[in-house]
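**Student:** Here is how the chains run, residue by residue.
Number of protein chains: 2
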Amino acid sequence: MNEDAKKSALRMIPYGIYVLTAEGNDGSIAAATVNWVTQASFAPPLVVVGVKADSGAHSIVKESGSFVLNILGKGQQGMAFNFFKSHERDGDSIGGETFKAGASGAPILDSAPAWVECKLTDTIEKGDHSIFVGEVTEAGISGDLGEGRVDDATLWMKDLGDKVFYGG
Amino acid sequence: MNEDAKKSALRMIPYGIYVLTAEGNDGSIAAATVNWVTQASFAPPLVVVGVKADSGAHSIVKESGSFVLNILGKGQQGMAFNFFKSHERDGDSIGGETFKAGASGAPILDSAPAWVECKLTDTIEKGDHSIFVGEVTEAGISGDLGEGRVDDATLWMKDLGDKVFYGG
Numbered sequence: 007m008n009e010d011a012k013k014s015a016l017r018m019i020p021y022g023i024y025v026l027t028a029e030g031n032d033g034s035i036a037a038a039t040v041n042w043v044t045q046a047s048f049a050p051p052l053v054v055v056g057v058k059a060d061s062g063a064h065s066i067v068k069e070s071g072s073f074v075l076n077i078l079g080k081g082q083q084g085m086a087f088n089f090f091k092s093h094e095r096d097g098d099s100i101g102g103e104t105f106k107a108g109a110s111g112a113p114i115l116d117s118a119p120a121w122v123e124c125k126l127t128d129t130i131e132k133g134d135h136s137i138f139v140g141e142v143t144e145a146g147i148s149g150d151l152g153e154g155r156v157d158d159a160t161l162w163m164k165d166l167g168d169k170v171f172y173g174g
Numbered sequence: 007m008n009e010d011a012k013k014s015a016l017r018m019i020p021y022g023i024y025v026l027t028a029e030g031n032d033g034s035i036a037a038a039t040v041n042w043v044t045q046a047s048f049a050p051p052l053v054v055v056g057v058k059a060d061s062g063a064h065s066i067v068k069e070s071g072s073f074v075l076n077i078l079g080k081g082q083q084g085m086a087f088n089f090f091k092s093h094e095r096d097g098d099s100i101g102g103e104t105f106k107a108g109a110s111g112a113p114i115l116d117s118a119p120a121w122v123e124c125k126l127t128d129t130i131e132k133g134d135h136s137i138f139v140g141e142v143t144e145a146g147i148s149g150d151l152g153e154g155r156v157d158d159a160t161l162w163m164k165d166l167g168d169k170v171f172y173g174g
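Order-wise, the sequence lines are chains A and B. According to the numbering used here, the stretch in the first sequence is residues 7 to 174, in order. According to the numbering used here, the stretch in the second sequence is residues 7 to 174, in order.
A hint or two may mislead.
Calculated cross-link-like contacts (lysine-lysine; reagent style DSS-like; alpha-carbon spacing at most 30 Å) [to be verified]:
| id | chain 1 | residue 1 | chain 2 | residue 2 |
| --- | --- | --- | --- | --- |
| 1 | A | 125 | B | 80 |
| 2 | B | 58 | B | 125 |
| 3 | B | 80 | A | 80 |
| 4 | B | 13 | A | 164 |
| 5 | A | 58 | B | 132 |
| 6 | B | 80 | A | 169 |
| 7 | B | 132 | B | 91 |
| 8 | B | 80 | B | 58 |
| 9 | B | 132 | A | 125 |
| 10 | B | 132 | B | 68 |
| 11 | A | 80 | B | 68 |
| 12 | A | 68 | B | 58 |
| 13 | B | 125 | A | 132 |
| 14 | B | 164 | A | 13 |
| 15 | B | 13 | A | 125 |
| 16 | A | 164 | B | 68 |
| 17 | A | 125 | B | 125 |
| 18 | B | 13 | A | 58 |
| 19 | B | 132 | A | 68 |
| 20 | A | 164 | B | 58 |
By construction, these hints were calculated from the structure, which means they are not laboratory data.
Generate coordinates for the entire structure from the input sequences, incorporating the hints supplied.
**Tutor:** Below, the structure written as structure tokens:
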């Protein structure tokens with residue numbers, strides 16, 4: 007395989023930026039910035055997320071069987087970088103971000119402009135990241151998405167910096 | 007569930023535009039515009055594609071066990087709209103686009119600036135679209151991706167029109 011071509015081709019896939027959150031059985035919480043996300047069905051509404059296999063978020067999502075994708079908005083670069091690191095729960099906040107529990111218990115970050123809560127339906131554990139399939143069970147819009155296309159309101163990978171990629 | 011919020015939140019996911027191609031055992035070819043694509047692992051390099059369950063591409067990918075994601079470039083809106091419709095193979099072209107066979111037989115469209123060829127490793131058939139997981143086995147860059155970010159060279163969903171979405 008042409009490794010350079012593989013890297014460039016895979017980096018051509020555009021991404022938004024999300025904070026994946028979940029609550030473990032002991033009340034611990036994971037919150038991790040992710041970008042490998044796509045919708046995968048209208049009915050039922052399914053989403054797919056690629057999650058690092060050795061991460062705290064991975065084990066907590068598997069344990070709880072549910073998660074929230076908090077969709078970051080334009081200007082929230084700091085929040086994206088913050089959740090590249092792992093943080094411990096501090097009451098009703100994590101990493102300095104307050105949250106409310108969704109119906110599944112998974113945290114919905116107050117400052118994210120939109121979110122979808124999902125029930126984990128399928129898991130494919132095959133690589134350094136696992137594929138989590140979630141059925142959307144609830145969703146909310148917390149912020150003002152503006153007048154234009156709603157995907158323009160999303161924080162994009164390219165907004166994180168000219169040289170920032172996660173893929174390839 | 008708040009259906010309006012679900013629709014808006016899912017439409018916040020940004021997408022690139024791809025033509026999924028595959029060759030059936032009888033030499034028939036499918037070529038279909040898709041956008042529900044994400045990488046899902048570095049090692050092995052996995053991609054996930056959501057494909058309409060009742061489409062010709064769906065049955066041909068399942069039959070052949072391999073596919074190519076042809077990544078469209080900026081300015082290729084016409085090609086994207088062309089492959090919203092299905093076309094029959096005409097020798098070494100389909101829908102007016104010439105191709106060469108990849109190692110798996112799946113067509114690599116000559117005018118796509120980049121492509122990845124994949125072996126189908128897993129399939130989740132649960133909704134109106136199925137989730138195909140592919141391991142990237144070969145890749146190529148055919149066009150000039152320019153000097154900037156390579157994802158800026160990709161045709162994005164938003165390039166198809168202010169009101170064009172596939173998701174929600």
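**Student:** Work down the list of hints and note, for each, if the structure agrees.
**Tutor:** Now the hints, each set against the structure:
Distance restraint check for residue 125 (chain A) and residue 80 (chain B): the Cα-Cα separation of roughly 36 Å exceeds the 30 Å cut-off, and the hinted pair is therefore not satisfied. The straight-line distance between the Cα atoms of residue 58 (chain B) and residue 125 (chain B) is roughly 19 Å, inside the 30 Å bound, and the hint therefore holds. For the hint linking residue 80 (chain B) to residue 80 (chain A), the alpha-carbon distance of about 23 Å falls within 30 Å, and the restraint holds. Simply put, residue 13 (chain B) and residue 164 (chain A) have alpha-carbon atoms about 24 Å apart, close enough for the 30 Å limit, and the pair holds.
Under the criterion of a C-alpha separation no larger than 30 Å, the hint pairing residue 58 (chain A) with residue 132 (chain B) is consistent with the structure, at around 24 Å. With a CA separation close to 20 Å, the supplied pair residue 80 (chain B) and residue 169 (chain A) stays within the 30 Å bound. Taking the CA atoms of residue 132 (chain B) and residue 91 (chain B), the gap is near 24 Å; set against the 30 Å cutoff, the hint holds. As the CA atoms of residue 80 (chain B) and residue 58 (chain B) are separated by approximately 25 Å, the hinted pair is consistent with the 30 Å bound.
Restraint check for residue 132 (chain B) and residue 125 (chain A): satisfied, since their Cα atoms lie roughly 14 Å apart, inside the 30 Å limit. Between residue 132 (chain B) and residue 68 (chain B), the direct Cα distance comes to roughly 15 Å. Compliance with the 30 Å bound is thereby established for this hinted pair. For the suggested pair residue 80 (chain A) and residue 68 (chain B), the alpha carbons sit about 39 Å apart, so the restraint of at most 30 Å is broken. Among the hinted pairs, residue 68 (chain A) with residue 58 (chain B) is consistent with the structure: their alpha-carbon atoms are about 27 Å apart, no more than 30 Å.
At most 30 Å may separate the alpha-carbon atoms for a hinted pair to count; residue 125 (chain B) and residue 132 (chain A) meet this at roughly 14 Å. A distance of roughly 24 Å separates the Cα atoms of residue 164 (chain B) and residue 13 (chain A); the hinted pair therefore holds under the 30 Å criterion. Under the criterion of a C-alpha separation no larger than 30 Å, the hint pairing residue 13 (chain B) with residue 125 (chain A) is consistent with the structure, at around 17 Å. For the proposed pair residue 164 (chain A) and residue 68 (chain B), the alpha carbon gap of about 34 Å is over 30 Å, so the pair is violated.
Using a Cα cut-off of 30 Å, the hinted pair residue 125 (chain A) and residue 125 (chain B) holds, with the two alpha carbons roughly 28 Å apart. At roughly 27 Å between alpha-carbon atoms, residue 13 (chain B) and residue 58 (chain A) fall within 30 Å of each other, so this suggested pair holds. Between the alpha carbons of residue 132 (chain B) and residue 68 (chain A) the distance comes to roughly 19 Å, so the proposed pair stays at or under 30 Å and holds. For the hint pairing residue 164 (chain A) with residue 58 (chain B), the CA-to-CA distance comes to about 29 Å; that is within 30 Å, so the pair holds.
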